[in-house]
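Chains as they are written, first to last, in our numbering: chain Z, 1 to 314; chain S, 1 to 349.
It should be emphasised that the hints constitute simulated quantities derived from the structure, not laboratory data. Check each hint, because a few of them may be wrong.
[Said to hold, decoys possible] Calculated Cβ distances over 12 Å to all of chain S for the following chain Z residues:
{"no.": "1", "residue": "121"}
{"no.": "2", "residue": "123"}
{"no.": "3", "residue": "150"}
[To be verified] Not everything, but these chain Z residues come out facing chain S in the computed CB check (under 7 Å):
{"no.": "4", "residue": "113"}
{"no.": "5", "residue": "281"}
{"no.": "6", "residue": "288"}
{"no.": "7", "residue": "308"}
{"no.": "8", "residue": "312"}
Even glycine gets a Cβ: it sits at the ideal position worked out from N, Cα and C.
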Amino acid sequence: MEVLDILLTASFWAAAVRIASPLIFATLGELICERAGVLNLGIEGIMVIGAFAGWMAVYLGAGLWAGVLVAMLAGMLFGLLHATLTVPFGLSQHVVGLGVTLLATASASFAYRISLPEVTSPPKITPFQPFAIPYLSEIPLIGPAFFAQTPLTYLAFALIAVVAFTLYRTPLGLALRAAGENPASVEAQGLSVTAIRMGAVIVGSGLMAVGGAFLTMSAFSSFFFEMVNGRGWICIALVVFGAWRPGKAALGALLFAAFDALQVRLQQTPMGAVVPYQVFLMVPYVLSILALILMSRRAEVPAALMVPFNKGER
Amino acid sequence: MRLEPIANPTALRRFGLPATALALTVLVASLLALLAGANPFATLGLILKGAAGSKFALLETLSRATPLIFTGLAVAVAFRAKLWNIGAEAQLYAGAIVTVLLGTGALPLPSALLLPVIALAAMLAGALVLLGPVLLKTRLGVDEVVTTLLFNFIMLLFVSYLLEGPMKDPMGMGWPKSPALEKAARLPRIVDGLRLHWGFALAILAAIAVWVIQTRTTLGYETRAVGLNAEAARFAGIPVGRVMVKTALLSGGLAALAGFSEVAGLKGNLTLDLSPGFGYTGIIVAMLALLNPLGVVLSALFVAGVFVGADSMSRAAGVPTYIADILTATALLTMVLALRLTRARIRWR
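So here's chain S without its partners, still in its complex pose:
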């Protein structure tokens, strides 16, 4: 078989195929529920209800989407330049470390000044974490997929060391966790008593900012040019290496904001389970959004909804929460295939 490009796909193709992908994902969900001995319709209903069935559920989904918007943006920015940053997890933790470092009384500033300072410092830390692998790529040609992946493991061990050593909470009863942030370093809640905090608003702002950068600035143009064809970009006089580094700084900074917002907005301290793989899930979020920064917000909400809904469904129906990971992975694979087939038809000879 071979693929034959289609110049003008019909509306049926453009909407039907992604819809089919979504239907396939729902089908997989039903099969998994059956396997676990639960009623598929009830399971799907419970997931929906758990994700958006009440004010509490909806705010929980928004809260869970917050770090995913940041990591999704980080991945979208990098992938657009064909910079394969799989290390958002490490950059997230770098941001979290800096947030704890500066937010536990080191800076005697009022909240309105302290929070921006911490956020910027966190971004800087995340950017620096990605700078290493990117310089290795541009200077020595070392593949960044593997180096950024391996950095995730190194960073997690580093956090573990910090939490058992220099950053350990003396009042933590032996648990590996950091001291709590001072009040001035906490992002306030948007709705009193519920978990949604101003990190969510910051995430939306970040998405808009990235959209502006990508569509309205030179860097955005250069990034796209490098991503589409690095050789052609170089020939056109675009400094490919420098564009890569700038993109990396932006990407690492965005991922670090996820760590900042989780610590300063939600948890109030740093633990080893701060991120249940937000960095990796960010890849799914970015791909489902076709690397579009505004789309990232929507796909982060979708993915967060699946996870929050699955959590609540699991408590009620007993289907393991891992169903959420399977579903998001299935959605990713079926969606990339569907999008490929909107632009090409299969010829069987």
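In isolation and in its complexed conformation, chain Z is listed as follows:
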């Protein structure tokens, strides 16, 4: 019964959409990489560097949107590193991805420590404020959930359409998908698989970093070391859950976020007094594993995912 009560409050749905936003950015980023044939396990670290870089830029006096841009560029830089090692050099995507995650996470911690050596509690910035869209935000339940969010959330939802349109309705999207399914066919068209894959990883990493920046610049207002806390890995599960389709993956992110918002609220009910809080905190990770199991039977994995392409080799 408590569950039903929670489901009928506007604040619950608003929280779900808010929690989903960073996941949507990062999931779309990962999806672009994987659709081009590259598994990007750098995602977790790239989200951390995005969260740090965006926040730091604003803390040093940049505007909020400039901060988002800085986060994106920082993510793209690590994307470039990942892409260079995995695409032309064809190194193991598992090893490079984990290496990039470690490097990016440690770089953020190192940079934080040398730029703020004395602070004990992380300084705050003024984050993005919610912007209520006139009329739409007055619709009961849906209004506050979808139309009274911060601009970054609107951007996340707009990106779902942009990514889906680009992937399925433009020559670029076709080439990108072909690079992930049958790279030789791309080469036969006179296009460069290397260029397409590298571009996809760099752009995808930029999006992951914006997802990280959402945490420090919209959801919270400071940077903590552990703040990404496995969200990147969850996004990788969401890409599988969404069968490598932007719309489905975003829907998965929203569903996932709803469960996450629900577990937070259930902790405050009589049920929360009986069940240890750690069980609630496990919910997101357990759900991700369940999602993977559910989708395993009908996974439509890009055929050339994790297969390096070396021109002239068969």
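Please arrange chain S on chain Z, whose structure you already have, making use of the hints.
Below, chain S without anything else, positioned relative to chain Z:
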């Protein structure tokens, strides 16, 4: 550009490129020191001194290398079969939980019997933790990278629950920690008064055992065959699924020994910060060793030296300890690239 394989790399290539990778890592270290406003040469010197400059420093490095040898072996064993076990952290904690469970008075045995029983039970627990993701992989085709990664988070929350609930030390003044192990369940120190304990010797033994398994047994041969080409192995009659499961049991067991050795040898109880990411660092250790079990010992010593040296340097020179994480990650990425380039040359057309 494209890569053209080289059949017989020259000695210059085989030794020069890894040396270049190492030089690049040192260069990155110097740049980071400059960024932090410290003298690069002094910083590097302090890291070296902190890692191996005295008997105390050296033993500290050996002590820090102990869990890394275990997790490095766990990763090396699994990666050799292309089983991407990124969950050594969770398996380590499973081993630690069992060590506390059996080592706090549950078994009235003498030390010589108790320690092996605990170690085996810990290995079993670690193996079981990895069994889930592996069965999901072999039966349903669920990617084990993500499941093992996510298990790390679930396990840490489980440990947190144990330490605040059923396994909480009643004398712990409210801190989330387990009761201390009884004396019989503690691994003795090798040198009295210093932190090095017999877990280190166990780690060396484990490395030798894994080397024997990989080079002298059927399982070792099958593991390599599955790792090189699972389809071909299946065609040759190797039961790929079963080999995967056996490899996983070994890998999970080895990672759990890291937890056993840290609790029984060093800490004496279980806390939430038992492992500062030993499971993840094990991946770097294994890759730097090219998945060779004896090489794991050397690379664990190197990585442990970087961490211990950076800790001591940080206290003296004020460069943040995170420099160690950046350096090990840099060493990993430059080394895999260097090794790739020993076997291929770049053609720019």
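Structure-based check of all given hints:
No beta-carbon of chain S is positioned within 12 Å of the beta-carbon of residue 121(Z); the least distance is around 18 Å. Here residue 123(Z) stays apart from chain S, with its beta-carbon at least about 17 Å from theirs, past the 12 Å limit. Against chain S, the non-interface label of residue 150(Z) holds: every CB pair exceeds 12 Å, the least being about 27 Å. Against a cut-off of 7 Å between C-beta atoms, the interface hint on residue 113(Z) holds, since the closest Cβ of chain S lies about 4 Å away.
With a cut of 7 Å, the hint placing residue 281(Z) at the interface with chain S holds, because the nearest CB-to-CB distance is about 5 Å. Given hint, residue 288(Z) at the interface with chain S, holds; its Cβ is 6 Å from that chain's nearest Cβ, closer than 7 Å. A least Cβ separation of about 9 Å between residue 308(Z) and chain S goes past the 7 Å threshold, and the interface hint is therefore violated. For the restraint placing residue 312(Z) at the interface with chain S, the shortest Cβ-Cβ distance is roughly 6 Å, inside the 7 Å limit, so the hint holds.
Of the hints listed earlier, the one the structure fails to meet is number 7.
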